[in-house]
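> Starting from the given sequences, assemble the full structure and let the hints guide the process.
Chains A and B supply the protein sequences, listed in that same order.
Everything in the first sequence is counted per our numbering, starting at 5 for the first residue and increasing by one.
Everything in the second sequence is counted per our numbering, starting at 475 for the first residue and increasing by one.
A couple of the hints might just be wrong.
Every beta carbon over 10 Å from chain A, so not counted as near; a handful from chain B, in silico [claimed, not checked]: (1) Thr479; (2) Gly490; (3) Arg491; (4) Ala498; (5) Lys499; (6) Thr500; (7) Arg502; (8) Gln510; (9) Ile511; (10) Arg521; (11) Asp528; (12) Asp534; (13) Leu548.
Calculated pairs, DSS-like style, for lysine-lysine (alpha carbon to alpha carbon, straight line, at most 25 Å) [to be verified]: (14) A/Lys405 to B/Lys477; (15) A/Lys104 to A/Lys307; (16) A/Lys405 to B/Lys541.
These are computed hints drawn from the structure, not numbers from a lab.
All of these numbers come straight from a predicted model, not from anything done at the bench.
Backbone N, C-alpha and C fix where the C-beta goes; we use that ideal spot for every residue, glycine too.
Take a look at the letters that make up each chain.
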Amino acid sequence: MALDDSNKRDFKIVGTRPLRPDGVDKVTGRALYGADLSAPGMLVGKILRSPHAHARIRSIDTSAARALDGVKAVVTAEDFDPVGDDFTQDILDNCLARGKALYDGHGVAAIAATSEKVARLALKLIVVDYEILPHVTDVDAAMRPDAPVVLSGRAQENVPAGLSENVTSYFEFGHGDLEAGFAKADKIIERSFKTAATHQGYIEPHACLATMAADGRAELWCCTQGPYMVRDVCAAIMGLDSSQMRVTSSEIGGGFGGKTTVFIEPVALALSHKSGRPVKIVMSREEVFRATGPTVSSSTDVKIGMTADGRITAGQAHLRYQGGAFPCGTVEFGAQSAFAPYDLDAVRTLGWNVLTNRPKEAAYRAPGAPMAIYAVESVVDELCQILSLDPLDVRMKNAAKKGTLSSYGPTFNEIGLMATLEAAKAHPHYSAPLGPNQGRGLSCGFWFNFGGNTCVSLNVNTDGTVGVTEGNPDIGGSRASIGMMAAEELGIAYDKIRTIVADTSSLGHNDVTDGSRVTFSVGLATIDAARGAIREMCGRAARIWGIDADAVVWKDGAAMPSGANAGEFPPMTLAEIAASSHSTGGPIAGHHEGTADGAGVSFGVHLVDVETDMETGAVKVLRYSIFQDAGKAVHPSYVEGQMQGGAVQGIGWALNEEYIYGEDGRLQNAGFLDYRVPVASDLPMIEPVILEIPNPGHPYGVRGVGETPIVPPLAAISNAVSRSAGVRLAELPMSPPKVLKAIKAAKA
Amino acid sequence: MVKVTIWGSLQAATDGRGEVEVDAKTTRELLTQLSQIYPGLKPQIERGVSLAIDGEIYRDAWFTPIKPDSEVILMPYMQGG
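Below, the structure written as structure tokens:
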């Protein structure tokens, strides 16, 4: 659906800030999360996990555990039949190891017991005979031909020869003559960067309640970003028809991409099937860190040439991402995103996805982009420092715009990058004075966004209220924004609408809640469903009035004659039409099923001031401003929340968060005490500045906003630290010991 | 005929060419043609691809019309967080 002729539309509800519909439930504890559902006769499920980074499983003896009073079922990988495709088989093999344990924390066996205590005791009675194998956790080490091989035979056909079998895929993008471009440069800088794996850090651990009866019907309650994905994956693994597997998504305590796959659900289903009783599995925080997807860690080489007046003449990046023990598809997004904010005549990016003995990577907000743009934006900033150029002016001089051949192939249509740069330049933050040991950094950010498959059902109740049923878990305020768009279109009050998230048996397929797609695509579907209901209501009014349906229009929540020739009738409100609906043709509803396209790419600019303690290396964020194109901000508070939340996660990535592995390949910091995410007291109020440049692919101009905000903070903070401390670090996180070491090295 | 830009690491399957021409009016026809004319592209197309048509990215849309003068870019299958 294209943008309505509504650039100047006078929105009545869209753009306001009504109370969030889930607020009371969440602050009173009434909201039901993954662990909150119980069932009669329910068992407790627990998973035994490998203490080794890489080990062949010679045998698993579960006899003592099975003999323990209270143990009702035990499963291992042997209890599952092979699945037909690699994608699903990898998910299953990540739940429970088949033949080899591939990382510290890899599931090996699972128990269902009558109590938590019995389940824990039973886990201790399982005897696993391991043959410990050499391991590798570093991406560069894993690419070497002599590296321990995590999995054999998984390299795609286009991976160059001579690399380890751990290299599973290879990508190359770009255009133009690099050599000629670099020849035009007055200054060329080449640098190498590393970023640590970071976890999505959602508050709610993974949890599910499964029942699978002898008749082959299954019910699953779980916290997920994609109940239809869970249904399809679990049905395939359990050998069920999708129609016999009903998945209900719980309220979700954060996902950020980490809940776009499954980790425990097939195990709970198998335990339920074996025991004949409901089984609940709730991960501990330690399990979440050890066995659910963090993002990739990366190693990147960047080379950029620039003229003395700040024109980038050529850019090149080589990106190596490790995605854990199973093939991942992330580096291609980094390689496509790295130079996306720039209008370049010559650009080339190469990327390799690599296996290591770490947990299977899961998506994390704009997967692959933050670390790529961190490397590029760091080098651009260093060039600005060396050439004494204003970093914002250089971004504006080189900014991608409509008509730019992007670094990843397509020519850009309308994009908002220049508008965000201009807004940053005009903001008081950019010219505010700085004190000693303080520095200011900035970075551009980019994400693709997409739409995807979406169903919405909209039901008009006889009392004049409306129910909207969507299939995407609300991870960022979608129930509010969807209700607001329905109210806007129908012309009724927002509080007359209730939006719910359906289970998988109640609505057609919906793609996973990811890709910043939901407000865009579910909103689009809701508007179309509302228009369907409006057509029906106009038809009902026409029949009541005895005129043609074409002679009726919808305005301000009511049907009315289109003009004097149609006859003189007072407006008939939605409530009036609904009240008589059972006498005029039956219930009134609208629905939409389709694939949403036209999401439109997203750009943002972040500006940050930091102060470095030169004695301890600690970095304090003093001021942070975000400038992002939201298309049309349906509920500005949620948009601002997305921008602030993304920035905070990026700040943690830049300054503190990292997976730390010991020499033995075991994770050293599987808890929030040792894996430190930023908390409110670490941060200033982050100022979000929303720009609204309508997306031509949406009737209201809406654009996805959820992922772009995590992209710029890594480089923005790094650039600020380099100007604050006088040293440029090339590795994240910039934790105090690393910053202090760099300061001392510079002094020496 | 429609010109299709192929990303660098797939160009081994197109005799090193970064741009190929196929006779197609929809995305489905285009992907079918690419697989038939350049069998080396088939594994990647089967794993999943997106298409950027005149600047808009399409992920699952067989019947999206393609004009002869459309800018068509083969891209990896889009995912997100």
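> Could you tell me which of the hints above the structure violates, numbers in ascending order?
1, 10, 11, 12, 13 and 15
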